[in-house]
Every structure is written in C-alpha cells, then in structure tokens.
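> What follows is the residue order along each chain.
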Amino acid sequence: QKEVEQDPGPLSVPEGAIVSLNCTYSNSAFQYFMWYRQYSRKGPELLMYTYSSGNKEDGRFTAQVDKSSKYISLFIRDSQPSDSATYLCAMVDGGGTSYGKLTFGQGTILTVHP
Amino acid sequence: ETGVTQTPRHLVMGMTNKKSLKCEQHLGHNAMYWYKQSAKKPLELMFVYNFKEQTENNSVPSRFSPECPNSSHLFLHLHTLQPEDSALYLCASSPQGVRYEQYFGPGTRLTVT
Numbered sequence: 001q002k003e004v005e006q007d008p009g010p011l012s013v014p015e016g017a018i019v020s021l022n023c024t025y026s027n028s029a030f031q032y033f034m035w036y037r038q039y040s041r042k043g044p045e046l047l048m049y050t051y052s053s054g055n056k057e058d059g060r061f062t063a064q065v066d067k068s069s070k071y072i073s074l075f076i077r078d079s080q081p082s083d084s085a086t087y088l089c090a091m092v093d094g095g096g097t098s099y100g101k102l103t104f105g106q107g108t109i110l111t112v113h114p
Numbered sequence: 115e116t117g118v119t120q121t122p123r124h125l126v127m128g129m130t131n132k133k134s135l136k137c138e139q140h141l142g143h144n145a146m147y148w149y150k151q152s153a154k155k156p157l158e159l160m161f162v163y164n165f166k167e168q169t170e171n172n173s174v175p176s177r178f179s180p181e182c183p184n185s186s187h188l189f190l191h192l193h194t195l196q197p198e199d200s201a202l203y204l205c206a207s208s209p210q211g212v213r214y215e216q217y218f219g220p221g222t223r224l225t226v227t
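Which chain is which? The protein sequence lines are C and S, in order.
Going left to right, the first sequence walks through residues 1 to 114 as our numbering numbers them.
Going left to right, the second sequence walks through residues 115 to 227 as our numbering numbers them.
Note that these hints are calculated values from the structure, not bench results.
All values reported here derive from a predicted model rather than from experimental measurement.
Idealized CB from N, CA, C, for every residue including glycine.
Please note that the accuracy of each hint is not assured.
No more than 25 Å apart at the CA atoms, straight line, and that leaves these computed lysine to any residue pairs for SDA-like [claimed, not checked]:
#, chain 1, residue 1, chain 2, residue 2
1, C, Lys101, S, Ser152
2, C, Lys70, C, Lys42
3, S, Lys136, S, Pro175
4, C, Lys101, S, Gly128
5, S, Lys154, C, Lys56
6, C, Lys2, C, Pro81
7, C, Lys67, S, Thr121
8, C, Lys42, C, Leu11
9, S, Lys154, C, Glu45
10, C, Lys101, S, Ala201
11, S, Lys154, S, Gly128
12, S, Lys136, S, Ser173
13, S, Lys133, C, Gln106
14, C, Lys101, S, Pro220
15, S, Lys155, C, Pro114
16, C, Lys56, C, Gln1
17, C, Lys101, S, Thr121
18, S, Lys154, C, Pro81
19, C, Lys42, S, Ser186
20, C, Lys101, C, Gly59
21, S, Lys155, C, Gln106
22, S, Lys155, C, Gly54
23, S, Lys155, C, Ser73
24, S, Lys166, S, Lys155
25, C, Lys42, S, Leu202
26, C, Lys56, C, Tyr39
27, C, Lys42, S, Asn172
28, S, Lys155, C, Ser28
29, S, Lys136, C, Asp93
30, C, Lys101, S, Glu167
31, C, Lys42, S, Thr130
Examples of chain C residues lying across from chain S (beta carbon under 10 Å, computed) [as the list claims (entries may be wrong)]:
#, residue
32, Gln6
33, Val13
34, Pro14
35, Gly16
36, Tyr32
37, Lys42
38, Leu46
39, Tyr71
40, Leu88
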C-alpha cells in the first residue's frame with residue numbers, strides 16, 4: 001500500500017466549475033498537509049498548507065484535513081483555465097529535524113477548459 | 115537570478131557517460147534536496163543536505179553521487195546510468211525550521227539512451 005494515494009485523473013472541467021481534489025494517507029505521524037501546483041515544464045510550487053486537522057481558505061482555494069479519516073481535500077471555486085496544472089498533495093511529520101522529508105501523492109492532472 | 119535555478123534543463127546521455135546536474139538557490143536557505151519525478155509515480159526524495167551535510171540518502175543507487183560544496187549549491191553527479199533513470203530531476207531548498215515549505219527549481223529532464 002502506498003503511503004499517500006492520489007487519483008491521477010486526468011480531470012477535465014468547464015470554466016467556473018468547483019473542483020475537488022483528494023488524497024488519502026496511511027501514516028498517522030503526518031502533521032503538515034500541503035498542496036503543490038506544478039505547471040508544465042516547471043517545478044512544483046506551494047499553494048497551501050494546513051497544520052493538523054481543519055480547514056484553510058485562500059481566495060478561491062480551500063484546503064481541508066480530516067486526520068481521523070486520514071483524508072485531505074483541496075477545493076477550487078470558480079475554476080479558471082489558468083488553474084490547469086498538476087496538483088500534488090504532500091505531507092510531512094511534525095518534528096525531529098529542521099527540514100522536511102515530504103511524502104508526495106502521484107499528482108492529479110487538471111484541465112479547465114473555457 | 116532568483117529562486118532556485120537548475121542547469122542544464124535538458125540532458126541526453128549514454129549509459130557509459132558521466133555528467134553532472136547543477137542546482138543553485140538564491141534564497142538563503144540551509145536545506146537542499148534532490149528529487150526524482152517519473153511519469154505516473156510520486157516525487158521520490160533522493161538526498162537531503164542540511165548546512166552542507168548529507169542527512170538523508172533514500173536508498174539511492176551509487177551511480178548517483180551528490181555533492182554540496184556550500185549551502186547555495188548542490189550537484190548530482192551521474193555515471194553508468196540505466197534507461198530507467200530517465201526522469202525529471204528536481205532540486206529544492208527550504209528555510210531553516212520550516213518543515214512544510216520547499217522551493218523547487220524547474221528541473222533537468224534527463225534521458226538515458
């Protein structure tokens with residue numbers, strides 16, 4: 001069993017749709033939960049992070065973490081063609097080192113068509 | 115230059131060649147990372163350097179040899195690679211004490227023939 005499971009898609013939605021991206025994980029030591037966005041021919045960039053359980057909102061993006069179910073989500077409201085990218089979930093445990101050994105999901109390819 | 119830069123952006127090498135990938139970060143970070151990104155697979159952490167010292171080696175074959183001469187530069191020396199090593203190699207850096215935030219370079223697309 002993979003430590004982090006993410007549906008690779010691809011996911012294709014019309015402009016303006018609400019997009020839901022999800023990951024499940026098995027390691028209960030994970031404390032930080034991140035979403036990275038990767039455009040074609042670019043490296044991943046951090047979109048949002050959440051510490052422990054709860055919700056976090058940033059503009060059109062909302063991240064949710066349910067540690068009891070080991071399930072995280074990213075919602076994109078009013079999706080735009082510029083949101084077309086690969087979305088990677090990532091997780092890391094809570095301490096022990098000053099750097100992070102991130103564990104990534106496979107990534108979901110999202111296309112928003114006009 | 116800003117952020118994390120990587121050279122070359124594309125590399126084609128034969129199985130008997132020796133080549134090196136270079137990464138430079140202009141962010142003042144202390145930790146640097148090498149990742150491998152293959153199609154249909156998650157990013158795989160290869161090496162971590164913290165304050166120039168290698169702190170993690172994720173069971174990477176010895177044909178990959180990292181080098182970190184200072185906190186701003188990271189190299190990945192390649193020799194006797196296999197076709198299955200063809201992938202996107204990403205370098206990243208992170209600030210001290212921030213476990214969740216890593217800044218990635220654009221990657222080197224490596225093809226082994």
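> Could you work out which of the previously given hints the structure breaks and list their numbers from low to high?
Of the numbered hints given earlier, those the structure breaks are 2, 4, 5, 6, 7, 13, 15, 16, 20, 22, 24, 29, 31, 33, 34, 35, 39, listed in rising order.
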